[in-house]
Amino acid sequence: MNIFTVEEERQKLLVSLSNEKSPRIILFEICAFSNKVFNLNEQNIHAAFIPEFIKDIKIALENFTAFGIKLQLSKNLIHIVEKVLPFANPEDTTSIKINLQRIKNEIGILNNILS
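When the letters of the sequence shown are read in order and numbered with our numbering, they come out as residues 1 to 115.
Here are the computed lysine-lysine pairs in the DSSO-like style, where the Cα-Cα straight-line distance is at most 30 Å:
1. K70 - K97
2. K104 - K21
3. K97 - K75
4. K55 - K36
5. K83 - K104
6. K97 - K58
7. K36 - K97
8. K70 - K104
9. K58 - K75
10. K104 - K36
11. K21 - K75
12. K75 - K36
13. K36 - K21
14. K21 - K55
15. K58 - K21
16. K36 - K83
17. K55 - K104
18. K12 - K55
19. K58 - K83
20. K83 - K55
21. K12 - K97
22. K12 - K83
23. K12 - K75
No lab work stands behind these hints: they were computed from the structure.
With the sequences and hints as input, model every part of the structure.
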């Protein structure tokens, strides 16, 4: 993937986000895009593309629950959102961390139920 492909993916994501209301789908789409950006291993590209979606991540996380989806999907989401955290401002970082902890707790509850 090159910078032009990343920009094309970004444009597709923006269109999708403007139409989508589900916090799960929003998060999974942003995380899929972010994962592609992180796979480029270029800090400048990360810094250019990731911060734009921090507010969307924050809002979607506030409305996200791990209940009702596969545990691995939630774990993957947490992993990617944790990689995004360094690009967030302190206020958003605090909110995102609180919601990540809540989701981790939900995963713990699900693990207990399933075992």
